[in-house]
Every structure is written in C-alpha cells, then in structure tokens.
Amino acid sequence: MQVWRINVRTQSFTQMPAPGSWEHLGGRGLLARIMVDEVPATCEPLGPNNKLVFAPGLLVGHMLSSCDRISVGGKSPLTGGFKEANAGGTTGMQLACLGIKALILEDQPETQDWNLIYLSREGLKFLPAADLLGLGVYETAQVLLKRFGDKVALALIGPAGEQRLSAAGIQNLDKDRVPSRIAARGGLGAVMGSKGIKAIIIDATGTEKPPIVDREAFRQAQKMFTKALMDHPQTKVYSDYGTAAMARMANGFGALPTRNFTSGQFDGVEKISGEYMRQVILERGGEGEPTHACMPGCTIRCSNTFADKTGASLVSPLEYETIGLMGSNLGIDSLDTIARVNWEVNDQGLDSIEVGAALGVAVEAGLMEFGDGNRALDLITEIRKNSPLGRIIGSGATTTGKVFGVLRVPAVKGQAMSAYEPRAIKGTGVTFATSPQGADHTSGLTIRAKVNHLDPQGQADLSRTVQINMAGYDTLGACIFAGFGFAAAPEAIRDLLNARYGWSVGTDILQVLGKESLKLEREFNRMAGFTKADDRLPEYMTREPLPPFGPVFDVPDEDLDGVFNW
Amino acid sequence: VIVFIHLHTTLQKETPEGLVRNLSIEIDDGARLIDLVDILGIEADEAHTLFVVQGQIADLDHRLAEGDVVHFIPAISGGNFSAEPKKYTL
Numbered sequence: 005m006q007v008w009r010i011n012v013r014t015q016s017f018t019q020m021p022a023p024g025s026w027e028h029l030g031g032r033g034l035l036a037r038i039m040v041d042e043v044p045a046t047c048e049p050l051g052p053n054n055k056l057v058f059a060p061g062l063l064v065g066h067m068l069s070s071c072d073r074i075s076v077g078g079k080s081p082l083t084g085g086f087k088e089a090n091a092g093g094t095t096g097m098q099l100a101c102l103g104i105k106a107l108i109l110e111d112q113p114e115t116q117d118w119n120l121i122y123l124s125r126e127g128l129k130f131l132p133a134a135d136l137l138g139l140g141v142y143e144t145a146q147v148l149l150k151r152f153g154d155k156v157a158l159a160l161i162g163p164a165g166e167q168r169l170s171a172a173g174i175q176n177l178d179k180d181r182v183p184s185r186i187a188a189r190g191g192l193g194a195v196m197g198s199k200g201i202k203a204i205i206i207d208a209t210g211t212e213k214p215p216i217v218d219r220e221a222f223r224q225a226q227k228m229f230t231k232a233l234m235d236h237p238q239t240k241v242y243s244d245y246g247t248a249a250m251a252r253m254a255n256g257f258g259a260l261p262t263r264n265f266t267s268g269q270f271d272g273v274e275k276i277s278g279e280y281m282r283q284v285i286l287e288r289g290g291e292g293e294p295t296h297a298c299m300p301g302c303t304i305r306c307s308n309t310f311a312d313k314t315g316a317s318l319v320s321p322l323e324y325e326t327i328g329l330m331g332s333n334l335g336i337d338s339l340d341t342i343a344r345v346n347w348e349v350n351d352q353g354l355d356s357i358e359v360g361a362a363l364g365v366a367v368e369a370g371l372m373e374f375g376d377g378n379r380a381l382d383l384i385t386e387i388r389k390n391s392p393l394g395r396i397i398g399s400g401a402t403t404t405g406k407v408f409g410v411l412r413v414p415a416v417k418g419q420a421m422s423a424y425e426p427r428a429i430k431g432t433g434v435t436f437a438t439s440p441q442g443a444d445h446t447s448g449l450t451i452r453a454k455v456n457h458l459d460p461q462g463q464a465d466l467s468r469t470v471q472i473n474m475a476g477y478d479t480l481g482a483c484i485f486a487g488f489g490f491a492a493a494p495e496a497i498r499d500l501l502n503a504r505y506g507w508s509v510g511t512d513i514l515q516v517l518g519k520e521s522l523k524l525e526r527e528f529n530r531m532a533g534f535t536k537a538d539d540r541l542p543e544y545m546t547r548e549p550l551p552p553f554g555p556v557f558d559v560p561d562e563d564l565d566g567v568f569n570w
Numbered sequence: 112v113i114v115f116i117h118l119h120t121t122l123q124k125e126t127p128e129g130l131v132r133n134l135s136i137e138i139d140d141g142a143r144l145i146d147l148v149d150i151l152g153i154e155a156d157e158a159h160t161l162f163v164v165q166g167q168i169a170d171l172d173h174r175l176a177e178g179d180v181v182h183f184i185p186a187i188s189g190g191n192f193s194a195e196p197k198k199y200t201l
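Top to bottom, those sequences are chains A and B. So the first sequence is numbered by the working numbering: it starts at 5 and just counts up by one. So the second sequence is numbered by the working numbering: it starts at 112 and just counts up by one.
FYI, nobody ran anything at the bench for these hints, they're computed from the structure. Just so you know, not all the hints are guaranteed correct.
[To be verified] Restraint ranges, calculated between C-beta atoms of paired labels, are given here:
no.	chain 1	residue 1	chain 2	residue 2	range
1	A	Thr385	B	Asp149	50 to 56 Å
2	A	Gly554	B	Gly152	30 to 36 Å
3	A	Asp218	B	Pro127	54 to 60 Å
4	A	Asp459	B	Ala176	17 to 23 Å
5	A	Glu42	B	Lys124	53 to 59 Å
6	A	Lys231	B	Gly152	28 to 34 Å
7	A	Gly510	B	Ala176	46 to 52 Å
8	A	Asn569	B	Leu134	45 to 51 Å
9	A	Lys406	B	Asp156	47 to 53 Å
10	A	Glu373	B	Ile145	42 to 48 Å
[Said to hold, decoys possible] Every beta carbon over 12 Å from chain A, so not counted as near; a handful from chain B, in silico:
no.	residue
11	Ile136
12	Ile138
13	Asp139
14	Asp149
15	Gly152
All C-beta atoms, glycine included, are put in the ideal place defined by N, C-alpha and C.
Modelling step: build the complete structure from the supplied sequences, incorporating the hints.
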C-alpha cells in the first residue's frame, strides 16, 4: 500500500511507500498522524498549507460487512481543528484496490481553473472541470459516470464546496451509484473547493483486492465476525427500520432535539419515526425501499430509499440525524418535507446536520417559523444562490448565531450538535464537549448504555470508553454498526488484522488504535491553539432546564478535563 | 392506574386493524413493570430490552404510577451492555 501525493498547483504526482510510523494506521488514525506530521496546525484551513487527505481504513477492500469506509481529513474550516469525516459507499474499496493507503492533496492552484483528478492503475491525470461548475451533486455524478463508465467510484463536491462554505461535505457513490454517501462534517467540501478540485474519479479497473498474508486465517475470522453480526438482534432492527428507529427512542428519553434544542420531546414524533417511515415506504411501493445497503457486502443494510406518494424516489437515504435536525428541531413533522429538504442539501453538497441546526438558529433570529417547510426550502435555496443570507446559513449554526445575535446555538468548537440533546443524555454531552472533532454523534454515543442518563456521575468514564472505541472503528474503516458484531466477537478484529498484515496484535488493538488516534488529534488541536475552554458545552445548556424532564448539563468541569486521562 | 405504552420497532403488535405501537391501559394499583410485560404478552426480558419509564431506564420490578409513560425498546443491549461503563463496548 502506497501514499499518493498530488500537488494541485504544479499538477505533479508521486507514489511512495508509507513511512514506518504510518504503516500500522489507516482511516482516522492515519489522518491524525499525517496532520500532525505534515500540516502546520496554525495554517489557514482554506489556504495552501492545509492538506486534504483520503485514507481507507485498515480493513477496507475485502467486502467485510460494513467495513469499507473511507475517511477524509484535513484542518476544518468550521472548527479550526483536526477533522475526520467518513462515509460508506465505494470510494474506500476502490482506493484500496489501487493500493492507496493515503491520497494527499497539497497546495493550491494559482489560477481560477477547476479540475477533475482521475486515478487509475496507470497513475493519475488532471482534466478540466469547467463544464461542471455550479452543477448539483446528482447531475455531476451522472455526467461523470457517463464520461468515465459506471464502474468508477467518485468523491465530489457540490456548489457549496465550490463556494467554500463551512457546511460543505464530500459525497461518494453508494453501491447503486447514487452520490449520497457524504463525508459531511466540518467543511471538508470547502477544503476540496479551495484546492480547485470538483471531483476525484477512482477507476480500479484491472486491479485486485489488497493482498492478504494469511488467507485461511482471514476467512475464518471473517466467518466469525459475520456470524456474530448476523446473530445480533440489533442487526434486524437496523435492517428493517434504519437509523430512524432512534427518533422514538430519543423522544422516550426526552432527548430528541426539538425546536432549536428547547425541548427534548416532539409532539409530532410519531410521524417522523422509523416505524412510521417503514409503513409509509412499504405502502407507497415504487422506488421506495425500507432496507438498502450503502456498501457492497453489507449485511446490516441500514439505509433506505424514501419515495413520494407516486412511488418516485425523493431521497436516499433518509437518516435519523437529518430527521432530528431538519424535522423535530425545526418543528416539521412531515417525512415528505424532510425528504425534499434533504435532497436539496445533498444536491448542493451540504451537511444536513449543520444546515438543520443553522435553520433552527435562524428561527430564533426571526427568519422563519417552526414547522414552515416551504420557508426552510427557500432559505436553503438562498445558499444555492450564494446570497449573503445563504452564505451565512451555509457557514453553519455558529456563524448564523453570531450574525443574528442568537444566544442558543447548539454547537461545540463551532460544529453543530447532532440529534441527541446533551442535557438528557449526559454521556453523549461529554462526548460532544470533549471530542477533538467538535460536537459529533459519530465520536461516541452513550444512549444505548444501561445507565441513568440524567446522573452526571460516571458519564465521563462512559464517554471515554466509547470515544476510544469509535476512534478505533474509524481507524479500521468499520461502520458504527459493525461494532455489534465486533462487540460480540472482539477477537475477530485481532484475527483479521493479523491475517491481513501478518501482524501479531492482541485483543486490545481496537483500544490501542483508538487511543493513538485521539492523542494525535488532541495534539494537533493543542498546536492549533485549543484549550480546555474549548471542551465545554454552550453555557445556556448548563443553566436552562430542558422540558419535559427538566435536566441541565451538570457534569463537572473536572470530569470533562479528565476524559482523556487513561 | 392508567399508563401509556410505547412499543418500539420489533415489539409493535400486529392486530387485525394493523400495527399498534402506542396504547394506554389500566393496571392494578401497585403493579410493576413485569406485570405490564405479562399483560401485554410481549417478549421482553432485561437482557434484550430497554425499559424506559418517565424518561429513565427502569428495572422490571419498577412500581408504576398513574400517568407513567413506558417505552419498551427491543434488542438494544443484545447482552453486550452493562451498567458498568468500563464493560460498555459500543
């Protein structure tokens, strides 16, 4: 596996073996290592010294169920700190088949010309992208698939990334070539835009899967993992109901973000629930699918396609975080409306969490009323127009709050919270506060733990454990849901890595990798100027009780400061 | 005593009128959560189900009160979670 390094100014390219200290890392952990080694932490996120890095996880390339994720990283224009965002789809698999351990985009073009980067067995070439400028993600993907054939993988940005908006992400094709798998968070689409790259085309034609040192041992470990995953009862729930099953659960705990995080329960929850969504999808038929895989080989298939009353697809997938931030958080109780808004932000290449949170703040600013889906769509159209108002909302919740003088901004380190109210699920609140990534559900959720979520005691310990594990999974390229299988068969991770690479790691390898990644991420943030003052929730959440059960966030500061003392 | 019940995902009840996931029922004063499981006739044990009463996780011997909102959330633990944070794996 090699490091492919591309200078977007000189359009030059080198292929080198990975340095020794990078070899045992992949995905998120490798991104953190590269950022610490190569990127000045004080650099401008949209300037020539920032880098945009794509790194498949350590287990990517073998169609292990839910283990082919691509990690994308750089210095975040949203948080000013280390950022890793990962996505399913086919990008990770095809990069791994080309033997790429890390793809590093460096520098900045001197001209205003936009380019495509085409990667194949023969190396790479730059191609003009002028004809694609301003096009939405869905149309861009269609044009590129027509031009390069439908076997390629794509990583592309929409108009939001071109306009360098901090809520812009990078989209990837799912197994059905829909460009909906977004490395959404932290504004990495803006970093790609700052490099003048509209899309990367990955063509693994003529390649084979990455080498495996001990094929038989790998096969045995894969069997053990797949069985553990299939036997896990949660797998069935996610197949049938997807992540949207979380809506009623979060509501039950009083933790469903509602009306800009001013309540933890939403009176319209039933109409945005996973249970209702499944019924609607099945009743409407047509292109709708309650169960859909984003990656080839996935056995969980938590994704879906949501269709309108005529059976025509509105969006795929419709996920819990979007339902929370663009549904209950905006007082919207219609899945059809949420799906339309979701499609629009996808097409612009925007993070639905960040934009949903920004719209919640916009309501407090008097720019719309809760429940007004048409106005929400109008405001998102402003982003496409690149109007000043659109640019404010497309820069995220924190910027929107600052511009309009709104106190209640649900964000940490400048990044909006995902759909878990931290006052009601305090362990997740600790994760939101302390994660080097800013508030992010993928950094470590605690809602499934059998603990009293309202008790401030013990939440830091709980958050530490899940943050370490999640950083480990992100380094493997494993989806959070692969964790159901790995939790039931923890030796599978050890055996898979040892068989794949000829290593002799122990059963604690997940935690070893997770800790290394977190340590490097915090080191980058420290050098960028972060202090413990950045590891705090918004102050109003420590003061304003959350209806209906009335908790405030009261985990002591000492506990927050001790999360990374292991 | 009347309590309000929310059945999640795979615990929804199939009835001739369709799937039922929200209902209210009258139970005896002093009834516990385990009595409710019996009355509803659902398969729900502590290893495979999360019981949430008034926004908090509850045990099966939890005594129910008038107006309690009770959630039955299946298959969340799968036996892999514990009240001990250190053993919590995902």
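Each hint tested on the structure:
no. : hint                               : in the structure
1   : Thr385(A) to Asp149(B): 50 to 56 Å : 54 Å, holds
2   : Gly554(A) to Gly152(B): 30 to 36 Å : 34 Å, holds
3   : Asp218(A) to Pro127(B): 54 to 60 Å : 56 Å, holds
4   : Asp459(A) to Ala176(B): 17 to 23 Å : 20 Å, holds
5   : Glu42(A) to Lys124(B): 53 to 59 Å  : 58 Å, holds
6   : Lys231(A) to Gly152(B): 28 to 34 Å : 31 Å, holds
7   : Gly510(A) to Ala176(B): 46 to 52 Å : 49 Å, holds
8   : Asn569(A) to Leu134(B): 45 to 51 Å : 47 Å, holds
9   : Lys406(A) to Asp156(B): 47 to 53 Å : 50 Å, holds
10  : Glu373(A) to Ile145(B): 42 to 48 Å : 45 Å, holds
11  : Ile136                             : 17 Å, holds
12  : Ile138                             : 19 Å, holds
13  : Asp139                             : 24 Å, holds
14  : Asp149                             : 21 Å, holds
15  : Gly152                             : 19 Å, holds
Checked against the numbered hints given earlier, this structure breaks none of them.
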